[in-house]
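Build out the structure end to end from the sequences listed, making use of the hints.
Here the protein sequences line up with chains A and B, keeping their order. In terms of this note's numbering, the first sequence opens at residue 1 and continues consecutively. In terms of this note's numbering, the second sequence opens at residue 162 and continues consecutively.
If you are wondering where the hints come from, they were derived from the structure by calculation, not from laboratory data. As the structure is a prediction and not an experimental result, all values here were calculated from the model. Glycine residues also receive a C-beta, built at the ideal position from the N, C-alpha and C atoms. Hints should not be assumed to be uniformly reliable.
Said to hold, decoys possible - The calculated lysine-lysine pairs, modelled on DSSO-like cross-linking and capped at a C-alpha distance of 27 Å, are:
(1) A:Lys72 x A:Lys58
(2) A:Lys69 x B:Lys358
(3) B:Lys319 x A:Lys100
To be verified - Per label pair, the in silico range of CB-to-CB distance:
(4) A:Ala17 x B:Asp366: 27 to 33 Å
(5) A:Lys144 x B:Leu220: 17 to 23 Å
(6) B:Asn309 x A:Glu135: 50 to 56 Å
Letter by letter, the chains look like this.
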Amino acid sequence: MATRRVGAKVIDWAAFAERVPPNQRSQFNALKTKADALKAKLAAVPEKPPAINWDAYKKTVPVAGLVDKFQKEFEALKVPQPKDTASVTVEGQEKDMDNKVSKFVVESNNRIKQYQDKIAALNNMVPFEDMTLEEYFEMYPNSKPNKEKYPWWPHFPVWEL
Amino acid sequence: MQICQVNFLPHFSGAALSNVVLRTAGPSIAAAPKVCLLHTSNQKSMPYKMPEHGGKVRLGFIPEEWLQMFYGKTGVTGPYMFGFGLVMYLINKEIYIFGPETVHATVAIGLLVYTIKKFGPSIAAYADRQREADLVQAYSSKNAELANLAEAIEGEKKEQWRLEGRSHLFDAKRENIQMQLELEYRERLQQVANSVKGRLDYQVDVESLRRRMEQQNMVQWIEENVLKSITPQQETAILDKCLTDLKGLAKA
Numbered sequence: 001m002a003t004r005r006v007g008a009k010v011i012d013w014a015a016f017a018e019r020v021p022p023n024q025r026s027q028f029n030a031l032k033t034k035a036d037a038l039k040a041k042l043a044a045v046p047e048k049p050p051a052i053n054w055d056a057y058k059k060t061v062p063v064a065g066l067v068d069k070f071q072k073e074f075e076a077l078k079v080p081q082p083k084d085t086a087s088v089t090v091e092g093q094e095k096d097m098d099n100k101v102s103k104f105v106v107e108s109n110n111r112i113k114q115y116q117d118k119i120a121a122l123n124n125m126v127p128f129e130d131m132t133l134e135e136y137f138e139m140y141p142n143s144k145p146n147k148e149k150y151p152w153w154p155h156f157p158v159w160e161l
Numbered sequence: 162m163q164i165c166q167v168n169f170l171p172h173f174s175g176a177a178l179s180n181v182v183l184r185t186a187g188p189s190i191a192a193a194p195k196v197c198l199l200h201t202s203n204q205k206s207m208p209y210k211m212p213e214h215g216g217k218v219r220l221g222f223i224p225e226e227w228l229q230m231f232y233g234k235t236g237v238t239g240p241y242m243f244g245f246g247l248v249m250y251l252i253n254k255e256i257y258i259f260g261p262e263t264v265h266a267t268v269a270i271g272l273l274v275y276t277i278k279k280f281g282p283s284i285a286a287y288a289d290r291q292r293e294a295d296l297v298q299a300y301s302s303k304n305a306e307l308a309n310l311a312e313a314i315e316g317e318k319k320e321q322w323r324l325e326g327r328s329h330l331f332d333a334k335r336e337n338i339q340m341q342l343e344l345e346y347r348e349r350l351q352q353v354a355n356s357v358k359g360r361l362d363y364q365v366d367v368e369s370l371r372r373r374m375e376q377q378n379m380v381q382w383i384e385e386n387v388l389k390s391i392t393p394q395q396e397t398a399i400l401d402k403c404l405t406d407l408k409g410l411a412k413a
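In structure tokens, the structure reads:
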């Protein structure tokens, strides 16, 4: 029963750590310590409690039929499995994350496309040697002297430099 | 581009027009008729690029094309003969009159030529240097921009890759939950076994205690009865026996 539940999927912590963004490293470490602590605790607790030596008790306990009664009831007793209430939350988190990720991936791909367009534009532009000043200002609008806003030479906010 | 090829021009007005066109603006060069283009170096990327070098000239100011124009009809001396004859004609007919302005003009032109010859090259070199520096700056900023963009793309891809690894996180969370459940279950089993065992042990302990107490009571009872059974007569007999024994020991 125990082996079926725990360790159904081996977690590759090294591969996991590689993918953790640097700003979430501490959270990752907390999770890892928690998992490690649980693992150690689990290893410390035996899977099945040590068997009770009924025969020895039968010899030593004077009350007639008590041990037999105990044994019967002990063997009949079914220890209930603890109820799993956290899995639902995790499931919800995963679904939420999936939604966010799919949205983010679309946005990210759009951004990549924009960047690639910019790179292509830069690579295909008229070389600076052959450019006119107008074309240069069109390419870098910030470098154009704004004579209306700053009527005096050098036509840009020197004090902001 | 064929546009920038210099064509031989058999008429004068084209040359004058081409000068005007070249001085005014860049894009209009493309619109100008091919035959009107003069003094254009052989450029590849017209109309973007302005000619960097002027056309070939003789004596510093007479376009080579003008001389070429004469060669077909008059031979190589023709243009010089024409120029000389023209000057002679102007002087002879008093179209051009010598006066103090002539001296002034000669001196002025001489000074102009001297200044250009003396300072022209260094000014040109300075301008070239400036242009080179500007180009270097422009290209370095362009390269920086390209590098930034490449890095941004890399970052986006890395972020996507990181998000693909989220299954690790949820696996770990689920594993943690399962471990906690298992731990709880095992602890429950342990607790049941321990409490049953404790109750049985209690029975065993009670039994052993009862036996010990019984034993103690028995021993006590026997002791008391033995002591009670000893009479004073017996006691004195034992004491006498003890004294005789002591005396025997002292003698020896």
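These are the hints, each one checked on the structure:
{"no.": "1", "hint": "A:Lys72 x A:Lys58", "result": "holds, 13 Å"}
{"no.": "2", "hint": "A:Lys69 x B:Lys358", "result": "holds, 13 Å"}
{"no.": "3", "hint": "B:Lys319 x A:Lys100", "result": "holds, 17 Å"}
{"no.": "4", "hint": "A:Ala17 x B:Asp366: 27 to 33 Å", "result": "violated, 53 Å"}
{"no.": "5", "hint": "A:Lys144 x B:Leu220: 17 to 23 Å", "result": "violated, 43 Å"}
{"no.": "6", "hint": "B:Asn309 x A:Glu135: 50 to 56 Å", "result": "violated, 22 Å"}
The structure does not agree with the numbered hints 4, 5 and 6 stated previously, though it agrees with the rest.
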